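Participant: Taking the working numbering, the leading residue of the sequence shown gets 1, the next gets one more, and so forth.
Hints listed in this document are in silico derivations from the structure and should not be mistaken for laboratory results. The structure displayed is predicted, hence computed values, not measured ones. Every residue, glycine too, gets a C-beta built ideally from N, C-alpha and C. Just to be clear, a hint being listed does not mean it is correct.
Label pairs and their in silico Cβ distance ranges [claimed, not checked]:
{"hint": "1", "residue 1": "148", "residue 2": "26", "range": "37 to 45 Å"}
{"hint": "2", "residue 1": "165", "residue 2": "145", "range": "36 to 44 Å"}
{"hint": "3", "residue 1": "153", "residue 2": "68", "range": "30 to 38 Å"}
{"hint": "4", "residue 1": "8", "residue 2": "144", "range": "30 to 38 Å"}
{"hint": "5", "residue 1": "56", "residue 2": "12", "range": "21 to 29 Å"}
{"hint": "6", "residue 1": "31", "residue 2": "160", "range": "44 to 52 Å"}
{"hint": "7", "residue 1": "128", "residue 2": "165", "range": "17 to 25 Å"}
{"hint": "8", "residue 1": "72", "residue 2": "42", "range": "32 to 40 Å"}
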Amino acid sequence: MSHLLSIEPLTKEAFAPFGSVIEADPASARLINGGNTERFHALAEADVIGEGARVIISIFRGQPRSFPYSITMMERHPFGSQSFSPLQDRPWLAVAAEDEGGRPGRPRVFLAGGRQGVNYGRNVWHHPLMTVDTVSDFLVVDRGGPGNNLEEFFYEEPFFIPDLPSKGTVR
């Protein structure tokens, strides 16, 4: 089995097994506030469970990764979904894997435009935040509350993400 991963564009259809893509979709738009605001409604849903669980909003500041990059681990959150929405218009990578008997399968790598976010479903294997080129801030919506909401898995052999497409190909 090849451990070299391909990079695919982030689309709603391709990402559906892992959660939702968050972007300004005209199909979900409606005018509010006397026609002065365009609302893109219900793009994703926060999903939290457990005694004392609550939805929290944070800012994560991601440091850029160097490529080629080795994926040695994945994580998941059994008690809540986790969304990442970039605060700058910069491309980034979302990496997720389907569950295979309690462990992550082969990762899939999605190149997100700087105006696309994702909401990883509850208990979905994913790689921690992966920014490219420069430090980037993300609005993160996830679960707060008691209980261990983090499970990590370390692969026996790493998977590799090759060099990224040339700059300017994704916005």
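Participant: Honestly, which of those hints from before does the structure not fit?
Facilitator: 3
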